[in-house]
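Guided by the hints, dock chain B onto chain A, whose structure is given.
These protein sequence lines map, in sequence, to chains A and B. Using the numbering used here, read the first sequence as starting at 97 and increasing by one per residue. Using the numbering used here, read the second sequence as starting at -2 and increasing by one per residue.
Think of the hints as simulated: they come from the structure by calculation, not from any bench. Worth double-checking, as some hints may not be accurate.
[To be verified] Incomplete in silico selection of chain B near chain A, CB under 7 angstroms:
#1 Ala302
#2 Gly305
#3 Arg347
[To be verified] Now the stretches of chain A that chain B is said to cover, found in silico as 3 or more residues with beta-carbon under 8 angstroms:
#4 216 to 226
#5 251 to 261
Beta carbons are placed, not taken as given, at the ideal position from N, Cα and C, and that holds for glycine.
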Amino acid sequence: MNRKIATILLLASATGLAACAKKAPETLPPVAEAPAPAPAPTMAPPPLPPSGPAVGTQEHFAQAVGSSTTIYFDTDRFNIDTQDAAALQAQAQYFARYPQITFTIEGHADERGTREYNLALGEKRADSAHAYLVSLGVDSSRISVVSYGKERPVALASDEAAWAQNRRAASVIINR
Amino acid sequence: MTKTSFPLAGAALLVPLLAPFLGTPLAAQDLGAPIPQDQQVESVPVEGEDDGPLRGTVTDESAWSDIGIAIPAFATDANKPTPANEAGTGALGREISRVITANLRNNGLFKPVGPDSLPAPGFPQITAPVYDTWSGRGAEMLVQGYVRARDDGKLVVGCYLYDVALKNQLVREGWVVAPGDWRRAAHKCSDLIFSRLTGESPFFDSRIAYIAETGPKDRRVKRLAVMDSDGANHRFLTLGSATALTPRYSPDYSKILYLSYVDGNPRIYVYDIGSGKQTLVTENRNPTIAPRWSPDGRSILFSMAVAGNTDIYRIPATGGRAIKLTDNPGIDVGGSFSPDGTKIVFESDRSGSQQCYIMNADGTDQKRISFFGGRCATPEWSPRGDQIAFTRIAGDFNVAVMSTSGGGMRVLTNGWQDEAPTWAPNGRIIQFFRTEKNTGRSGIWQVDLTGQNERRLPTPVDASDPAWGPIRP
Chain A
97 MNRKIATILL LASATGLAAC AKKAPETLPP VAEAPAPAPA PTMAPPPLPP
147 SGPAVGTQEH FAQAVGSSTT IYFDTDRFNI DTQDAAALQA QAQYFARYPQ
197 ITFTIEGHAD ERGTREYNLA LGEKRADSAH AYLVSLGVDS SRISVVSYGK
247 ERPVALASDE AAWAQNRRAA SVIINR
Chain B
-2 MTKTSFPLAG AALLVPLLAP FLGTPLAAQD LGAPIPQDQQ VESVPVEGED
48 DGPLRGTVTD ESAWSDIGIA IPAFATDANK PTPANEAGTG ALGREISRVI
98 TANLRNNGLF KPVGPDSLPA PGFPQITAPV YDTWSGRGAE MLVQGYVRAR
148 DDGKLVVGCY LYDVALKNQL VREGWVVAPG DWRRAAHKCS DLIFSRLTGE
198 SPFFDSRIAY IAETGPKDRR VKRLAVMDSD GANHRFLTLG SATALTPRYS
248 PDYSKILYLS YVDGNPRIYV YDIGSGKQTL VTENRNPTIA PRWSPDGRSI
298 LFSMAVAGNT DIYRIPATGG RAIKLTDNPG IDVGGSFSPD GTKIVFESDR
348 SGSQQCYIMN ADGTDQKRIS FFGGRCATPE WSPRGDQIAF TRIAGDFNVA
398 VMSTSGGGMR VLTNGWQDEA PTWAPNGRII QFFRTEKNTG RSGIWQVDLT
448 GQNERRLPTP VDASDPAWGP IRP
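One chain only, chain A, in its complex shape:
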């Protein structure tokens, strides 16, 4: 019975995600398929495929959570919507699984804002992601936050599609 309700909720939330059209044209994060909250492997991480990226690298993180390394925002907004929440949940699961990993949340804005305001806005976006991850149990001391404003775009055109990709908060593993 309980399991049935959970499944229904999961499906409903997936439908809700699919219907949300605000985002950059990206595939949905593959959160729902593998919840896998591995029971606190505080000692050694599980073995990896021999040729795969090493734990503690951005590549390993990206392989584990897919496009969920980054969340996207509407113009001038910094709130965490359902799609952002799903991505951050995937991140939180990853960080729970690898508690030795520290990371930086980089907040960014699109170019259609003034320079100083965008620095402040990027800070708000990164802080939103930070607060949400902490609410999911990630220790705040593992998270560093930095705003780059509009100084580091990933999409280079001057159009709505590019701006949507640049309004983002990206989690970046700190390499040791």
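Coordinates of chain B only, in the frame set by chain A:
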């Protein structure tokens, strides 16, 4: 320098960030060689006829913009070698006239004719012009001058303005400059002419701090740089390994406030021009952005994000306790003092979008002043006190001005993205930076208050964030 304490983030997190810098001053990593400090220019009396009867200046812009001014080569009493010009003081005199001519022409002021198409008066004629020569050429005003090398190596530059029709000297002045400062004499002479003919305050003898930009849009290198108001004497102050943004010259030109990512986070530094060293404006773990000087140079405004939210603070320039001026869940950022230092105009999105607000210098009595359509960002109070320049966002980004109560809004530019206005010391001209669509390339432009005279400033590479300093000491 002392190390910041890091109460908010774990020490383990910061070790990898800081490790490469251990053992050297953290803040010194991206700095280039220091540049010379600004020298005082000494005024000296120069010989000439007594000033004529006092007359009013021509203040109607349409009238003075048509005045034909002849600017022949400055003479010299004896051609002597000088480090300022390898061909000696004679050739230097011609260069000075060229700089004055370019100053007036590039700013759309008067109708100047330079030394390369005019006869060169001899030294004795500088104080006794042959008026018929110049009236025959249709000149209404005549600028003459001389260069004299002193025994101590310094240069004396005399500057004379004559009314050709009235056969009268309007004004004269002289300056002693080091050979390396010869262009300043040309700027002082330009200012003398401009002020005498228009009744406005001077602006040519001033400098501009800005951000020099190179590289592709996604890997842009941003360096702190400075130059004279005409683009000459260009110098880079940082090397480019760390992004530098939003510089501001101190009112006495001894320091520059700017933002650097040199420790990995956006922080404001005070760069001391004399020593070539810099210090953090406040020892703090939080990011600090948008630095500004008070008009007397004693206070610094900055914006700081705490737990994600940015507010405006004020701190003594000599260090000390920061006072929080705004306390609002919205983004409050930037700020610009009124010339008397009693009020601050700043931007805030507390109403839902960026708008301009005024408060007292202690943070009290905050009220919104921008109520026209669109957004109001990066407000800058005119040095004359009567107007505020800002970035108006209404579709495109444009530079606009309004009264200090938010009335009489006028849009002065029409680029795709024009932002961050800065005032000339006399409050008649505004510089800003214009970014190109798609390429992200940027340049510094300037426009006068009529919106008619707009031009791009020559810079060696792309440029943004101009900050125009006051008249030099």
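Hints and how they fare:
Using the Cβ-Cβ criterion of 7 angstroms, the hint placing Ala302 of chain B at the interface with chain A is satisfied: the shortest such distance is roughly 4 angstroms. Given hint, Gly305 of chain B at the interface with chain A, holds; its Cβ is 3 angstroms from that chain's nearest Cβ, closer than 7 angstroms. Among the interface hints, the one on Arg347 of chain B is violated; its C-beta lies about 12 angstroms from the nearest C-beta in chain A, farther than the 7 angstroms criterion. Coverage of the stretch 216 to 226 of chain A by chain B holds. Counting CB-CB distances below 8 angstroms, 8 residues qualify, and the rule asks for three or more.
Coverage of the stretch 251 to 261 of chain A by chain B holds. Counting CB-CB distances below 8 angstroms, 3 residues qualify, and the rule asks for three or more.
Figure legend: structure checked against the earlier numbered hints; the only hint not met is number 3.
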